[in-house]
Amino acid sequence: MFKHLLIATDGSPASERALDQGLLLAKTLAAQATVVTVTEPWTEGAYATIPTPSLIKAYEQAAAGGAASLLDSVRKAAEEATASVATPATSRTSIPPRGSSRPRGIKDVI
Amino acid sequence: MYKHILIATDGSELAAKAVVVGVTLAKQLNCKVTAVTVSEPWRIFVAGEAAGGFPINEYEKDTAETASRVLAAAMEQARKSNVACATVHAKDQYPAEGILDTAKKVGCDLIVMASHGRRGLGRLLLGSEAVKVLTHSTIPVLICR
Numbered sequence: 001m002f003k004h005l006l007i008a009t010d011g012s013p014a015s016e017r018a019l020d021q022g023l024l025l026a027k028t029l030a031a032q033a034t035v036v037t038v039t040e041p042w043t044e045g046a047y048a049t050i051p052t053p054s055l056i057k058a059y060e061q062a063a064a065g066g067a068a069s070l071l072d073s074v075r076k077a078a079e080e081a082t083a084s085v086a087t088p089a090t091s092r093t094s095i096p097p098r099g100s101s102r103p104r105g106i107k108d109v110i
Numbered sequence: 001m002y003k004h005i006l007i008a009t010d011g012s013e014l015a016a017k018a019v020v021v022g023v024t025l026a027k028q029l030n031c032k033v034t035a036v037t038v039s040e041p042w043r044i045f046v047a048g049e050a051a052g053g054f055p056i057n058e059y060e061k062d063t064a065e066t067a068s069r070v071l072a073a074a075m076e077q078a079r080k081s082n083v084a085c086a087t088v089h090a091k092d093q094y095p096a097e098g099i100l101d102t103a104k105k106v107g108c109d110l111i112v113m114a115s116h117g118r119r120g121l122g123r124l125l126l127g128s129e130a131v132k133v134l135t136h137s138t139i140p141v142l143i144c145r
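Protein sequences, first through last, are from chains A and B. First residue of the first sequence? That's 1 in this note's numbering, and the numbers climb one at a time after it. First residue of the second sequence? That's 1 in this note's numbering, and the numbers climb one at a time after it.
Check each hint, because a few of them may be wrong.
[Stated by the list, open to error] Okay, derived cross-link-like pairs now, SDA-like style, lysine to any residue, Cα gap no bigger than 25 Å in a straight line: (1) B:Lys27 x B:Arg119; (2) B:Lys32 x B:Leu125; (3) B:Lys27 x A:Ala18; (4) B:Lys17 x A:Pro13; (5) A:Lys27 x B:Lys17; (6) A:Lys27 x A:Pro13; (7) B:Lys105 x B:Pro55; (8) A:Lys3 x B:Lys132; (9) A:Lys3 x B:Leu142; (10) B:Lys27 x B:Ala16; (11) B:Lys132 x B:Asn30; (12) B:Lys32 x A:Pro13; (13) B:Lys3 x A:Leu29; (14) A:Lys27 x B:Asn82; (15) A:Lys3 x B:Lys105; (16) A:Lys27 x B:Lys105; (17) A:Lys27 x B:Ala84; (18) B:Lys132 x A:Leu29; (19) A:Lys27 x B:Ser81.
Hints were generated in silico from the structure; no laboratory data involved. These numbers were taken from a predicted model, which means no experiment stands behind them.
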């Protein structure tokens, strides 16, 4: 029935539980899993500074680095989860597109 | 992984989809299901029959008939897929409450339900009962749209 699961994670303990359940479900259903982590757009307010290009660049690098290391650990978890079954779930991880100019609305919440 | 799936249905078209999803998933996971339907407590003023005697018995008969029809449909779906299916009619409860209570009582580890019920206001992103179940459930919830 389900062929491809999207598992969203931000590395928090709660999302680790979701990751475990999602991988296990994908494994049991012999389905594909894609793990996504989302980095938020730059918000001036959080830094209380004028966003110079170098600051934005530093932010983007930090965000990309954080996402990459998170997805690395996800990849390991997926490999461990699939190593023990005959019909392994394939897992694919990639850094998602940055949505820095995307308007945010209620659909982001639901 | 999941051992016992609770499928909530009110007999609506969308709930029928949730029944199919729940049963198919149970089939693939080789686990059992319990179908639950909830009937709400009787409300005099909504019924508008305060002066018309004491129609509680009629109301109960009516809800029992509706519940058994709804549950029979779910059981039939499970039978077709060869999935073990128990049924529960939760009486005098609000839907979310009845669903959560039943999940706890029969020991389910996944709830499958529709995003909107029979009275579903389609314009809402999620129906109110689905929101309540999601908010209060301690086990995973699969919402079908």
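Structure-based check of each hint:
1. With a C-alpha separation of about 30 Å, the suggested pairing of B:Lys27 with B:Arg119 is violated against the 25 Å cut-off.
2. Of the supplied pair hints, the one linking B:Lys32 and B:Leu125 is violated, its CA atoms being roughly 30 Å apart against a limit of 25 Å.
3. For the suggested pair B:Lys27 and A:Ala18, the alpha carbons sit about 22 Å apart, so the restraint of at most 25 Å is met.
4. Note on B:Lys17 and A:Pro13: the hinted pairing is violated, with a Cα-Cα distance of about 32 Å set against a maximum of 25 Å.
5. Of the pairs offered as hints, the one joining A:Lys27 and B:Lys17 holds, with about 24 Å between alpha carbons and a cut-off of 25 Å not exceeded.
6. Pair hint A:Lys27 plus A:Pro13 holds up; C-alpha atoms about 21 Å apart against a cutoff of 25 Å.
7. Restraint check for B:Lys105 and B:Pro55: not satisfied, since their Cα atoms lie roughly 30 Å apart, outside the 25 Å limit.
8. Taking the CA atoms of A:Lys3 and B:Lys132, the gap is about 28 Å. The hint is violated against a cut of 25 Å.
9. This hinted pair checks out: A:Lys3 and B:Leu142 have alpha carbons roughly 15 Å apart, not beyond 25 Å.
10. Annotation: proposed proximity of B:Lys27 to B:Ala16 holds, straight-line Cα distance about 16 Å (limit 25 Å).
11. Of the pairs offered as hints, the one joining B:Lys132 and B:Asn30 is violated, with about 29 Å between alpha carbons and a cut-off of 25 Å exceeded.
12. For the suggested pair B:Lys32 and A:Pro13, the alpha carbons sit about 29 Å apart, so the restraint of at most 25 Å is broken.
13. Simply put, B:Lys3 and A:Leu29 have alpha-carbon atoms about 14 Å apart, close enough for the 25 Å limit, and the pair holds.
14. As the CA atoms of A:Lys27 and B:Asn82 are separated by approximately 22 Å, the hinted pair is consistent with the 25 Å bound.
15. For the proposed pair A:Lys3 and B:Lys105, the alpha carbon gap of about 32 Å is over 25 Å, so the pair is violated.
16. A distance of roughly 29 Å separates the Cα atoms of A:Lys27 and B:Lys105; the hinted pair therefore is violated under the 25 Å criterion.
17. Of the supplied pair hints, the one linking A:Lys27 and B:Ala84 holds, its CA atoms being roughly 23 Å apart against a limit of 25 Å.
18. For a cut-off of 25 Å, the pair hint linking B:Lys132 to A:Leu29 is broken: about 28 Å separates their Cα positions.
19. A C-alpha spacing of about 22 Å is found between A:Lys27 and B:Ser81, which places the hinted pair at or below 25 Å, so the restraint holds.
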